[in-house]
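Colleague: Construct the entire structure; sequences and hints are all you get.
Below, each chain spelled out in residue letters.
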Amino acid sequence: MSVSSPAGALAAILQGRKRTGREIVVDWARSRTLANSWPALAGLAVVALLLGLQQLIEPGTMRLLSAVFMFVALAQAWNIIGGYTGYASFGQVVFFGLGAYVTAVLMNNYHVSFWVAMPAAIFGGVLFAVLIGVPLLRLRGHYFAIATLGAAEGAREVINNMTPITGGGLGITIPTFGDQAPTAYFGKPGFYVAFLILAAASIAISAVLARSRFGYAMVAVHEDEAAASSVGINTTIVKVIAFGVSGAIVACAGAFYAFQQIEFYPTDVFDPSFTVLMVIMVVIGGSGSIVGPLAGAVGLELLSQFLRVNLGIYNQLIFGAIIVVVVIFFPQGVVNFFRDVLTTRRFSLLENVRRYRL
Amino acid sequence: MIRRPGALIAVGIVLALGAAACGTSSNTSTSGSGITFAAPVSQTGAFGQAEGLYTLQGYKFCVQTLNAKGGIQYGGSSHQVTLVTQDDQSVSATSAQIVDQYNDKSYKLILSPYGSGATTAVAPVAERNGQVLVDSNGADTAIFTHGYKNTFAVLSPSSTYVTTIIDTLAGLNPAPKTVAIIAANDGFSQHSADTGVKEAQAKGMTVVPSATAYTSSTKVAANVTDVSSALIAIKGTNPDVIIISAHLNEAVAAIKQASELGVKPKYGFAATVAPPTPAFISALGTKSEGVIGSTQWVPEISASDSIFGSAKQFLTNFTNTFGWSATQYPYQAADAAAACEALALAIQKAGSADPAAVRTALAGLSADTFYGHIQFDSTGMNTTKPMYAIQIQKSAFVTIYPSNLASTPAIWPAIAA
Amino acid sequence: MTQFAQAAAYGVVQGGLLALVAVGFSLVWGIMNVINLSHGAFAVMGAYIAWLLNQHFGLDPFLAIPIVAVAMFAFGYVVQRGLINLVVNAPIFLTLLLTFGLSLVILNILQLLFTADDRTIDTSYASQSFVIGTVNVPYGRLGAFFLAIVITFALAALMTRTRLGHAIGATGMDRGAARLMGIRARHIYAVTFGIATALAGVAGTMIATVGSFNPTTTPGQLTLDAFVISVLGGLGNMYGALVGGLLLGIAESIGGLLLTGTWVNAIAMAVLIVTLIIRPSGLIGKAQYGGRVEV
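Residue numbers (numbering that gives the first Met the number 0), protein chains in the order written: chain A, 0 to 357; chain B, 0 to 416; chain C, 0 to 294.
Just to be clear, a hint being listed does not mean it is correct.
Said to hold, decoys possible - Partner residues aside, some chain C positions facing chain A, computed with beta carbon under 8 angstroms: (1) Ile34; (2) Val104; (3) Phe226.
Stated by the list, open to error - No farther apart than 20 angstroms at their CA atoms in a straight line, the calculated lysine to aspartate or glutamate pairs in the EDC-like style are these: (4) B/Lys148 x B/Glu126; (5) B/Lys348 x B/Asp376; (6) B/Lys348 x B/Asp367; (7) B/Lys265 x B/Asp166; (8) B/Lys202 x B/Asp166; (9) B/Lys176 x B/Glu198; (10) B/Lys148 x B/Asp376; (11) B/Lys311 x B/Glu299; (12) B/Lys59 x B/Asp304; (13) B/Lys393 x C/Asp121; (14) B/Lys286 x C/Asp59; (15) B/Lys104 x A/Glu57; (16) B/Lys202 x B/Asp239; (17) B/Lys286 x C/Asp121; (18) B/Lys263 x C/Asp121.
Said to hold, decoys possible - Here are the computed distance ranges between Cβ atoms for each label pair: (19) A/Gly231 x C/His186: 45 to 51 angstroms; (20) C/Leu258 x A/Leu349: 51 to 57 angstroms; (21) A/Asn309 x C/Ile66: 36 to 42 angstroms; (22) A/Leu130 x B/Lys265: 46 to 52 angstroms; (23) A/Ile196 x B/Asp376: 41 to 47 angstroms; (24) A/Asn309 x B/Gln63: 21 to 27 angstroms; (25) C/Phe129 x B/Ala395: 30 to 36 angstroms; (26) A/Arg212 x B/Lys148: 56 to 62 angstroms; (27) A/Gly311 x C/Leu258: 40 to 46 angstroms.
Keep in mind the hints are simulated off the structure, nothing from the lab. Predicted model only: the values in this text are computed from it and were never measured. Virtual Cβ for every residue (Gly too), placed ideally from N, Cα, C.
Modeller: Right under this line is the structure:
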């Protein structure tokens with residue numbers, strides 16, 4: 000029986016052996032139908048559309064959309080560790096700051112090109128994730144949240160004090176003018192494309208992970224870690240990999256952000272409000288899905304821009320009030336709520352309020 | 000029956016994005032003969048309602064006064080000025096973003112936000128976009144080391160803050176022999192302390208506990224309310240004067256905790272930004288008496304111009320407009336008004352509002368204003384205007400340095416033995 | 000040597016104040032499993048109330064404490080009953096977000112009312128200190144230290160000797176069983192939150208007296224300190240908060256002496272992480288609370 004015959008997979012199972020790599024790929028390709036590949040095709044179409052849109056819109060909007068794309072990537076990244084795996088990290092911004100500082104230090108102190116600094120930043124993020132992940136991921140729930148928060152605050156303080164290398168409280172600047180610049184500044188169109196690709200990649204990674212065996216393992220760890228480990232899932236490896244992937248995406252975003260800002264201080268890139276925004280976007284959008292964090296990121300970033308431009312001194316106040324209202328009325332997330340509404344045809348906000356109250 | 004609600008929602012999101020992208024109309028800059036000054040100012044956050052407010056009031060007052068006098072005259076006609084501001088929430092990154100957005104609306108004439116941090120973030124953006132940035136309240140010398148050509152600061156740079164205090168102290172009787180310097184961990188405070196230490200040593204004063212302590216044992220985190228570690232490091236060294244090179248929070252905390260810890264300087268306290276800020280007196284009450292502060296502007300200087308009149312007239316008109324007391328005035332507003340005035344003068348000199356022409360006019364500007372002399376060196380700093388010193392006496396700012404401006408003598412020692 | 004002794008003494012009295020900040024936070028977390036991110040905001044609210052009383056009526060802050068406590072208790076009761084109750088059963092992120100949004104609202108209102116200026120309550124005695132050798136012990140902070148001890152013991156007595164205390168403890172251990180026993184859980188939760196809010200207000204009053212506060216940077220710092228101390232001492236444990244506070248105060252003070260002052264926060268974080276890794280239930284905490292951490 001040839002290895003690429005239609006009954007390849009079945010044949011392999013009947014013969015009691017694992018499928019070869021080629022068999023796996025062929026089976027995957029043959030199993031693609033319109034029904035299960037349309038999300039990916041739609042995604043590609045959207046990305047193409049947004050790339051084309053870039054020619055039409057003006058620079059200010061490009062900057063706004065770049066911020067939206069960045070938060071889409073950040074929200075997806077948080078969702079991987081917080082939504083799927085259930086380990087709510089409250090210090091995810093630590094990877095953002097690390098990615099930003101690795102990039103800035105390499106470019107400023109050693110005149111390294113951005114295209115070398117960025118992969119270094121990603122690598123640094125993964126390394127740090129493994130380093131703190133192994134001890135911290137043994138903690139659960141609130142404790143894990145606090146520990147990661149502590150790690151973020153601690154990292155910021157350490158960088159704040161390493162003045163000779165990082166500039167400390169005096170800030171760091173990436174040279175972008177004249178022959179000082181190791182890489183030419185991207186400009187708004189460049190960053191638009193960069194963040195768009197990052198957002199698309201994060202959604203793709205999220206989707207692939209979610210539908211893979213690894214994704215099932217993550218959800219299993221979330222639902223019942225003891226049971227998961229008793230069926231043979233190595234929960235530590237699952238958690239650390241999820242943490243690492245999440246950290247890598249966030250570090251990459253940090254690297255791009257650093258280059259975009261050119262000049263920043265530790266408090267800027269280790270700002271806990273980044274983490275809060277990440278969490279809000281995922282929770283309000285609806286955790287545990289791809290669309291939820293996407294909706295949350297887009298909606299909240301546009302909302303906060305709108306508030307800041309139009310409401311002047313009341314913008315933070317209104318923003319806080321909106322958070323309170325949305326959390327009370329849409330505890331499962333806005334996207335999940337509308338999903339339920341569409342499937343059950345019952346639209347009752349009061350019922351929503353009654354869900355979780357005592 | 001909708002089978003894939005997630006799909007519907009995803010489509011909705013994309014439509015929303017598209018709407019946001021296309022819907023954001025580009026309202027081009029004011030048409031006609033009007034000129035727009037654009038400024039990101041802090042209205043919320045750490046500087047909101049305080050230093051950000053003073054800066055905003057300064058800009059508003061300047062634009063009001065200009066327009067009342069018929070606007071900026073050039074090319075045979077008068078041009079009214081419009082001030083456009085947006086809240087940067089006291090976050091430097093937001094300031095930079097706002098200035099970038101201003102560029103998309105073709106606002107090329109930019110007045111700085113409050114603070115060295117925000118100004119440091121905004122300067123490269125203005126440089127890249129070809130906007131002209133006039134800096135009112137960002138004194139850190141580091142801003143001017145990057146070779147930016149479009150940033151001009153009207154205020155005296157950070158190198159003068161602590162040096163002015165040292166010079167003031169050297170002229171008092173008894174002159175202190177030992178000084179301790181507490182400096183916050185930010186560019187402005189550290190650089191001020193740098194030059195301050197050198198000046199102290201030049202005047203024969205000893206810096207305790209050591210000349211580099213302000214980078215280590217007497218360095219405090221920025222924006223904290225607990226400086227006890229720095230004070231404990233000073234305890235036992237018995238300085239004559241304790242100088243605090245930081246902003247409002249740290250200075251208030253330092254003076255309050257100093258008496259708690261029994262760290263009493265023999266003669267008195269001095270600080271850079273905090274004492275000449277109205278909030279300092281209201282925060283410390285009686286403990287603010289006798290504290291010396293370096294300030295960018297005092298109303299006693301014999302400077303005047305055709306727009307604001309004399310320095311005293313500026314003070315009277317400004318405090319009447321915004322409800323300040325004439326003895327507790329925010330000098331940051333004077334900085335802001337001066338920056339706005341410099342921009343106006345440059346436009347007049349250039350005969351157009353074109354950013355490149357305005358930039359050239361600013362580079363060659365040499366004007367005497369209510370604020371003092373405004374002239375920029377090759378890096379964009381104004382090194383022709385000195386700083387002054389005030390002392391708080393009976394909850395009022397009293398100018399004590401230079402001596403030709405001091406109508407009332409300093410109370411020295413400021414601390415009862 | 001003087002500096003070391005001074006740092007140690009200051010750290011102890013500072014620790015008392017920190018414990019006062021943390022004890023309410025720890026109580027709420029331990030009993031209700033709610034992390035109250037607006038704890039710092041409540042403390043600053045209490046500080047403003049005391050400051051207003053002092054500005055307009057010249058009331059001494061120590062005398063203002065009962066007024067602040069009652070006012071904040073009422074406020075906390077209403078907030079819990081009306082707002083936080085709605086998400087008590089929800090995943091932790093939701094309570095975190097709710098309290099975060101609430102803190103934004105409260106702090107921005109305070110900033111609009113009072114501006115971001117630093118405030119402090121000026122008293123003739125708080126910054127004075129008595130001297131032992133070369134070490135100064137400030138009266139204000141010492142007063143706060145004793146207040147913290149008194150409150151800790153009072154709270155502990157409340158918990159162990161009164162019916163209300165037993166009800167609170169029972170509800171914290173097993174809410175379902177407590178309700179079956181006739182305990183009105185909603186009311187108990189609201190009372191607990193009210194007590195915590197009152198304590199936060201009192202802590203804020205003390206901070207205003209011995210130091211300064213503002214609505215932008217102070218709340219975040221206080222909430223962070225409360226986190227660290229609660230974890231250090233063990234959730235829901237009154238004595239734990241006291242011990243944790245003292246430990247943190249001394250560590251920060253001595254650490255600030257040996258390294259520069261800017262490392263202080265990093266030290267606090269290091270202490271936090273090490274404690275979490277080695278002994279998640281805290282130094283004195285009971286495992287029962289440590290166990291019930293899942294959502």
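Colleague: Evaluate each hint against the coordinates.
Modeller: Quick rundown of the hints versus the structure:
no., hint, result
1, Ile34, "holds, 6 angstroms"
2, Val104, "holds, 4 angstroms"
3, Phe226, "holds, 6 angstroms"
4, B/Lys148 x B/Glu126, "holds, 7 angstroms"
5, B/Lys348 x B/Asp376, "holds, 18 angstroms"
6, B/Lys348 x B/Asp367, "holds, 14 angstroms"
7, B/Lys265 x B/Asp166, "holds, 18 angstroms"
8, B/Lys202 x B/Asp166, "holds, 8 angstroms"
9, B/Lys176 x B/Glu198, "holds, 13 angstroms"
10, B/Lys148 x B/Asp376, "holds, 11 angstroms"
11, B/Lys311 x B/Glu299, "holds, 7 angstroms"
12, B/Lys59 x B/Asp304, "holds, 18 angstroms"
13, B/Lys393 x C/Asp121, "holds, 16 angstroms"
14, B/Lys286 x C/Asp59, "holds, 17 angstroms"
15, B/Lys104 x A/Glu57, "holds, 10 angstroms"
16, B/Lys202 x B/Asp239, "holds, 14 angstroms"
17, B/Lys286 x C/Asp121, "holds, 8 angstroms"
18, B/Lys263 x C/Asp121, "holds, 18 angstroms"
19, A/Gly231 x C/His186: 45 to 51 angstroms, "holds, 47 angstroms"
20, C/Leu258 x A/Leu349: 51 to 57 angstroms, "holds, 55 angstroms"
21, A/Asn309 x C/Ile66: 36 to 42 angstroms, "holds, 40 angstroms"
22, A/Leu130 x B/Lys265: 46 to 52 angstroms, "holds, 51 angstroms"
23, A/Ile196 x B/Asp376: 41 to 47 angstroms, "holds, 44 angstroms"
24, A/Asn309 x B/Gln63: 21 to 27 angstroms, "holds, 24 angstroms"
25, C/Phe129 x B/Ala395: 30 to 36 angstroms, "holds, 34 angstroms"
26, A/Arg212 x B/Lys148: 56 to 62 angstroms, "holds, 58 angstroms"
27, A/Gly311 x C/Leu258: 40 to 46 angstroms, "holds, 42 angstroms"
Hint check: no violations occur; every hint is consistent with the structure.
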